[in-house]
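**Student:** Put chain B on the given structure of chain A with help from the hints.
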Amino acid sequence: MIEYFLLAFGEVVMIFGALGIIRFPDVYTRLHAATKCDTGGAMTILLALALYTDASIFIKLKLLVLAFLIALINPMISHAIAKGAYKYGIKPEVVVDMYAWDNP
Amino acid sequence: MSRVPFYLKERLEEVHRRVLYESYDAQKLPVWERIVLTWIVLFSFWIVITANTSLDNLVIGSIATLIIASFMRDMLMEDVRHKGHLIEKIIYFLLLYAPQYLIIMAFRLIESNIKVAKNVIFMDIKPGIVKIKTDLHSDTGITILANSITLTPGTLTLDVSKKLGETYLYVHWIYVETLNREKAGEKIKGDIEEWLKKIFW
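Chains A and B, in that order, are what the protein sequence lines are.
All letters in the first sequence, in the order written, are residues 731 to 834 by this note's numbering.
All letters in the second sequence, in the order written, are residues 173 to 373 by this note's numbering.
The following block holds chain A by itself, in its conformation from the complex (with noise of 0.2 Å):
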């Protein structure tokens, strides 16, 4: 029962998340609905396969690895764009940025 739960958390989330890629103004803050959306979501729906699957104990135990490693990459990723945008010239949207004035 709390598969089918998860599985409709992760679709819901995923749309959320790409609505803010449409609907947020620059890179930082679209940014922020990629990352954190497509992590939570694709963590829950590999967590649902993983409770819903009739196959051996391993099979759970490698989609629980899979799960583990999106959670590791998926940040890394995003604060590589981050930084290589900034690097490339795009400005940010933003009241205040410490950033620009410790590197001008």
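Just so you know, not all the hints are guaranteed correct.
Calculated pairs, DSBU-like style, for lysine-lysine (alpha carbon to alpha carbon, straight line, at most 35 Å) [said to hold, decoys possible]: (1) K181/B - K303/B; (2) K790/A - K370/B; (3) K369/B - K813/A; (4) K369/B - K790/A; (5) K287/B - K790/A; (6) K821/A - K334/B; (7) K305/B - K813/A; (8) K821/A - K298/B; (9) K200/B - K370/B; (10) K200/B - K813/A; (11) K305/B - K817/A; (12) K370/B - K813/A; (13) K369/B - K817/A; (14) K355/B - K813/A; (15) K303/B - K813/A; (16) K355/B - K200/B; (17) K821/A - K290/B; (18) K821/A - K305/B; (19) K359/B - K813/A; (20) K335/B - K821/A; (21) K359/B - K817/A; (22) K334/B - K181/B; (23) K355/B - K817/A; (24) K287/B - K817/A; (25) K370/B - K335/B; (26) K287/B - K792/A; (27) K821/A - K359/B; (28) K305/B - K359/B; (29) K370/B - K792/A; (30) K298/B - K817/A; (31) K290/B - K817/A; (32) K817/A - K303/B; (33) K334/B - K370/B; (34) K355/B - K261/B; (35) K369/B - K334/B; (36) K181/B - K370/B.
No lab work stands behind these hints: they were computed from the structure.
Source: prediction; values computed, not measured.
**Tutor:** Below, chain B alone, put in the same frame as chain A:
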């Protein structure tokens, strides 16, 4: 004029205590402890990936991972804090620290998903880039802290800079509430840093 020497003396004592503490904590683990901890991690990964518990597979896997662990002993265990016994360390990590961290991060992740959905619907954003200070110095600890900050609600790590023995993080915050460094640090880091300071230096 009368207050300057007292201030300098106090500051010198503080720096001296901190150097003593950190030079004790920054010692590396003994060689066999590094090999054994790396071997445990690699061997559990071998068992999960091959999915085969016959005796031949276990023997081959233990020998191969032991050879790899004796070469690669510095990669994983370089920044672990130098205290406690080996068995005590493993039991504490498996029973106390890892479940605590996983439960905290799971609830923070669900909260951040709901918060991003709320931001998408109402568009009530006021973004800004703030600078906070951390007490961690090792590379592994800073990496885990930055990844945790990225997954907690409303924040995204941009860059790390180390100056004069202190570490600063630049954080893109989707709704800036305060510009004071201590208050912003408390709001952004939460209790994750206290947890990480028990293991990494």
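**Student:** Decide, hint by hint, whether the structure agrees.
**Tutor:** Comparing the hints with the structure gives:
1. K181/B - K303/B: 29 Å, holds
2. K790/A - K370/B: 31 Å, holds
3. K369/B - K813/A: 26 Å, holds
4. K369/B - K790/A: This hinted pair holds, its Cα atoms lying about 32 Å apart.
5. K287/B - K790/A: Answer holds: K287/B to K790/A is near 30 Å, not above 35 Å.
6. K821/A - K334/B: Holds, because 24 Å separates the two Cα atoms, which is no more than 35 Å.
7. K305/B - K813/A: OK: K305/B and K813/A at ~19 Å, within 35 Å.
8. K821/A - K298/B: 15 Å, holds
9. K200/B - K370/B: Holds: K200/B and K370/B sit about 16 Å apart, inside 35 Å.
10. K200/B - K813/A: 32 Å, holds
11. K305/B - K817/A: Between K305/B and K817/A the Cα gap is close to 22 Å, so the pair holds against 35 Å.
12. K370/B - K813/A: Holds. K370/B to K813/A sits at ~30 Å (cutoff 35 Å).
13. K369/B - K817/A: Given that 35 Å is the threshold and the Cα spacing comes to 31 Å, the pair holds.
14. K355/B - K813/A: 25 Å, holds
15. K303/B - K813/A: 15 Å, holds
16. K355/B - K200/B: 34 Å, holds
17. K821/A - K290/B: 25 Å, holds
18. K821/A - K305/B: 24 Å, holds
19. K359/B - K813/A: Holds: K359/B and K813/A sit about 23 Å apart, inside 35 Å.
20. K335/B - K821/A: 25 Å, holds
21. K359/B - K817/A: 27 Å, holds
22. K334/B - K181/B: Judged against 35 Å, a Cα distance of about 26 Å means the pair holds.
23. K355/B - K817/A: 28 Å, holds
24. K287/B - K817/A: 29 Å, holds
25. K370/B - K335/B: It holds: about 23 Å lies between the C-alpha atoms, which stays within 35 Å.
26. K287/B - K792/A: Satisfied, since the Cα-Cα distance of roughly 30 Å is no more than 35 Å.
27. K821/A - K359/B: Status holds; Cα separation ~25 Å.
28. K305/B - K359/B: 12 Å, holds
29. K370/B - K792/A: Answer holds: K370/B to K792/A is near 29 Å, not above 35 Å.
30. K298/B - K817/A: 22 Å, holds
31. K290/B - K817/A: 30 Å, holds
32. K817/A - K303/B: 18 Å, holds
33. K334/B - K370/B: At roughly 21 Å apart (the allowed maximum being 35 Å), K370/B and K334/B satisfy the hint.
34. K355/B - K261/B: Between K355/B and K261/B the Cα gap is close to 33 Å, so the pair holds against 35 Å.
35. K369/B - K334/B: Roughly 18 Å separates the two Cα atoms, so the pair holds.
36. K181/B - K370/B: 29 Å, holds
Going down the numbered hints, you'll see the structure goes against none, and every one checks out.
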